[in-house]
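> Kindly produce the complete structure, drawing on both the sequences and the hints.
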Amino acid sequence: MIKTKIFFLIITLFVSNTFAKDYIIVQSTTSTANTGLLDLLSEEFSLDTGIDVRAVAVGTGTAIANARKGDGDVLIVHSKVDELKFVQDGFGVERYDLMYNDFVILGPNNDPAKIKDKKNILEVMIVLSSPDYKFISRDDYSGTHKKELSLWEESGLGIPKDSSYIKSGSGMASTINIANEMQAYVLTDRGTWIAFQNKNNLEILYENDKSLFNPYGIIVVSPKKHPHVEYEKSNKFVEWLLKGRGKNLINNYTIEGQKLFFTYN
Amino acid sequence: MLDTSKVFEAISISLHVSFVSTLFAFLLSIFFGYLIATKKFILKKYVVSVLGSLTSIPPVCAGLIVYLIISRSGPLGWMELLYTPSAMIIAQFIIIFPIMVTLIINYIEREYPQLRDELISYGASQKDILFLLITNQKGIYLTTLLIGFGRAVSEYGAAAIVGGSIDHVTRNMTAMIALETAKGNILIGVTLGAILISISLIISFGINFFKNDD
Numbered sequence: 001m002i003k004t005k006i007f008f009l010i011i012t013l014f015v016s017n018t019f020a021k022d023y024i025i026v027q028s029t030t031s032t033a034n035t036g037l038l039d040l041l042s043e044e045f046s047l048d049t050g051i052d053v054r055a056v057a058v059g060t061g062t063a064i065a066n067a068r069k070g071d072g073d074v075l076i077v078h079s080k081v082d083e084l085k086f087v088q089d090g091f092g093v094e095r096y097d098l099m100y101n102d103f104v105i106l107g108p109n110n111d112p113a114k115i116k117d118k119k120n121i122l123e124v125m126i127v128l129s130s131p132d133y134k135f136i137s138r139d140d141y142s143g144t145h146k147k148e149l150s151l152w153e154e155s156g157l158g159i160p161k162d163s164s165y166i167k168s169g170s171g172m173a174s175t176i177n178i179a180n181e182m183q184a185y186v187l188t189d190r191g192t193w194i195a196f197q198n199k200n201n202l203e204i205l206y207e208n209d210k211s212l213f214n215p216y217g218i219i220v221v222s223p224k225k226h227p228h229v230e231y232e233k234s235n236k237f238v239e240w241l242l243k244g245r246g247k248n249l250i251n252n253y254t255i256e257g258q259k260l261f262f263t264y265n
Numbered sequence: 266m267l268d269t270s271k272v273f274e275a276i277s278i279s280l281h282v283s284f285v286s287t288l289f290a291f292l293l294s295i296f297f298g299y300l301i302a303t304k305k306f307i308l309k310k311y312v313v314s315v316l317g318s319l320t321s322i323p324p325v326c327a328g329l330i331v332y333l334i335i336s337r338s339g340p341l342g343w344m345e346l347l348y349t350p351s352a353m354i355i356a357q358f359i360i361i362f363p364i365m366v367t368l369i370i371n372y373i374e375r376e377y378p379q380l381r382d383e384l385i386s387y388g389a390s391q392k393d394i395l396f397l398l399i400t401n402q403k404g405i406y407l408t409t410l411l412i413g414f415g416r417a418v419s420e421y422g423a424a425a426i427v428g429g430s431i432d433h434v435t436r437n438m439t440a441m442i443a444l445e446t447a448k449g450n451i452l453i454g455v456t457l458g459a460i461l462i463s464i465s466l467i468i469s470f471g472i473n474f475f476k477n478d479d
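For the protein sequence lines, the chains are A and B, in the order given. As numbered in the working numbering, residues 1 to 265 make up the first sequence, in order. As numbered in the working numbering, residues 266 to 479 make up the second sequence, in order.
Keep in mind the hints are simulated off the structure, nothing from the lab. Be aware that one or more of the hints could be misleading.
Claimed, not checked - From the structure, some residues in chain A lie toward chain B, with a derived Cβ separation under 7 angstroms:
#1 Gly70
#2 Asp71
#3 Ser174
#4 Ile178
#5 Lys247
Unchecked claim - Some chain B residues well away from chain A (every beta-carbon gap over 10 angstroms; in silico):
#6 Glu274
#7 Lys309
#8 Trp343
#9 Tyr348
#10 Ile359
#11 Glu383
#12 Leu410
#13 Gly415
#14 Leu444
#15 Thr446
Predicted model only: the values in this text are computed from it and were never measured. For glycine and all other residues, C-beta sits at the position ideal for the given N, C-alpha and C.
Written out as structure tokens, the structure is:
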């Protein structure tokens with residue numbers, strides 16, 4: 001008796017998920033989740049089409065790794081080189097430009113490293129590589145981390161080796177929290193910073209440099225590699241974001257009157 | 266700032282997932298606990314030691330193990346369990362089962378020999394003994410339930426890895442606390458933590474109420 005009861009319990013536990021999968025899984029970044037944009041888009045798309053969007057927010061590196069394993073239908077990330085490689089390797093059908101914002105450098109408002117008056121981002125990186133100033137790195141292969149790595153490389157100095165270079169291993173907003181506590185400099189996307197609620201005495205100290213451009217791409221996972229991918233529903237989602245109501249929602253998304261993401265025309 | 270409907274949703278996800286995982290772990294703990302405690306078999310000492318050491322499995326590890334199994338590239342990928350409440354239930358089960366079964370083994374090992382000698386002389390069957398073991402000391406089972414549930418409802422690492430913290434689906438209380446804290450809403454995070462503890466407190470009171478029935 002008890003055995004059959006347990007058996008049925010187990011069956012109901014699993015069946016509820018296995019039948020009628022009417023959702024797509026979106027692998028995305030912490031920046032789109034911490035700003036609340038992803039939740040909004042998921043809800044609105046579901047209202048428009050009846051297709052649920054299950055958004056998983058991890059770093060770009062993890063998101064791409066998960067999608068490679070087949071644990072996602074759509075990828076929204078921000079590391080163009082990796083995105084193109086993902087498509088090239090046959091895991092994605094095609095990469096589309098979805099939206100953009102830019103990266104900024106935050107630091108304590110008294111700006112001990114005096115990066116405010118630097119002429120370009122490479123000069124900023126050279127100053128920040130000094131052991132006198134703390135810099136917090138995401139260290140999680142996210143899009144922001146990869147951007148930071150490429151900036152160190154472009155500066156010609158490479159990644160600082162001393163103890164003033166701190167690796168957080170956390171999401172964007174958690175890393176800003178740490179920068180807050182340690183009064184350190186940190187690279188972030190502007191969207192996460194605007195949405196961030198614990199700004200204290202951190203502020204944007206360097207911005208508006210061409211090489212701080214932050215483009216987000218969207219890719220549908222290839223059904224050739226992973227036949228279970230919800231290809232049609234995923235394409236519907238992509239189209240809705242690139243041409244449909246999703247595009248307006250991204251463009252009109254503001255926090256405290258500030259726009260976080262911009263779409264292409 | 267705090268959206269109450271989202272909080273209720275997170276509470277219901279937390280309770281649903283943790284109730285089911287605790288229930289499964291409890292039923293299997295009684296079954297295996299009784300078997301292990303009353304039967305003699307080779308390697309018994311080792312089985313008990315391994316179960317004992319698994320009580321300290323880091324939730325993140327349990328999450329990763331489940332993730333590898335239920336990922337699309339894993340052996341059970343076809344079941345589409347990843348990022349569902351079922352996945353969280355499995356992960357929590359792995360965390361709390363060793364704890365619950367160890368508690369029950371300890372209890373039965375202590376009570377059983379004495380009870381058996383007494384009852385067998387009255388002509389009782391194994392089934393009767395099991396029944397008596399359970400009904401005699403309800404308190405111990407209720408405490409086991411409470412400890413298992415408490416561990417399940419409060420853990421974050423495993424449920425976050427296999428659940429994915431998906432809005433409306435797998436974003437339970439601990440995932441919501443982590444997300445709000447990450448956004449810098451530290452006060453909201455603390456508030457949610459207080460709500461979670463209050464819920465556990467109510468459940469604990471309820472269980473203690475039954476316990477005193479004896």
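> It remains to establish, for every hint, whether it holds in the given structure.
Tested hints:
1. Because the smallest distance between the Cβ of A:Gly70 and any Cβ of chain B comes to about 3 angstroms, under 7 angstroms, the interface hint for this residue holds.
2. The interface hint given for A:Asp71 holds, since its Cβ lies 5 angstroms from the closest Cβ of chain B, which is under the 7 angstroms cut-off.
3. Taken as an interface hint, A:Ser174 checks out: its beta carbon lies about 5 angstroms from the nearest beta carbon of chain B, inside 7 angstroms.
4. A hinted interface residue such as A:Ile178 counts as satisfied when its beta carbon comes closer than 7 angstroms to some beta carbon of chain B; here the least separation is about 11 angstroms, so the hint is violated.
5. Interface restraint check for A:Lys247: the shortest CB-CB distance to chain B comes to about 21 angstroms, outside 7 angstroms, so the restraint is violated.
6. Non-interface call for B:Glu274 relative to chain A: holds, since the shortest CB-CB distance, roughly 12 angstroms, exceeds 10 angstroms.
7. For B:Lys309, the condition that its CB be more than 10 angstroms from all CB atoms of chain A holds, with the nearest at approximately 24 angstroms.
8. A cut-off of 10 angstroms between C-beta atoms contradicts the statement that B:Trp343 is not in contact with chain A; the least separation is 8 angstroms.
9. Against the 10 angstroms criterion, B:Tyr348 falls within the reach of chain A, whose nearest CB is about 6 angstroms from its own CB.
10. Remark: the non-interface label on B:Ile359 is consistent with the geometry, its nearest Cβ contact in chain A lying 15 angstroms away (cut-off 10 angstroms).
11. No beta-carbon of chain A comes within 10 angstroms of the beta-carbon of B:Glu383; the shortest separation is about 26 angstroms.
12. With a cut of 10 angstroms on Cβ distances, B:Leu410 stays outside the contact zone with chain A, its closest approach being about 16 angstroms.
13. Once the 10 angstroms rule is applied to beta carbons, B:Gly415 is consistent with being away from chain A; the minimum gap is 22 angstroms.
14. Distance to chain A contradicts B:Leu444 as a non-interface residue, since its nearest Cβ pair spans about 8 angstroms, not more than 10 angstroms.
15. With a least CB separation of 8 angstroms from chain A, B:Thr446 falls inside the 10 angstroms interface cut-off, contrary to its annotation.
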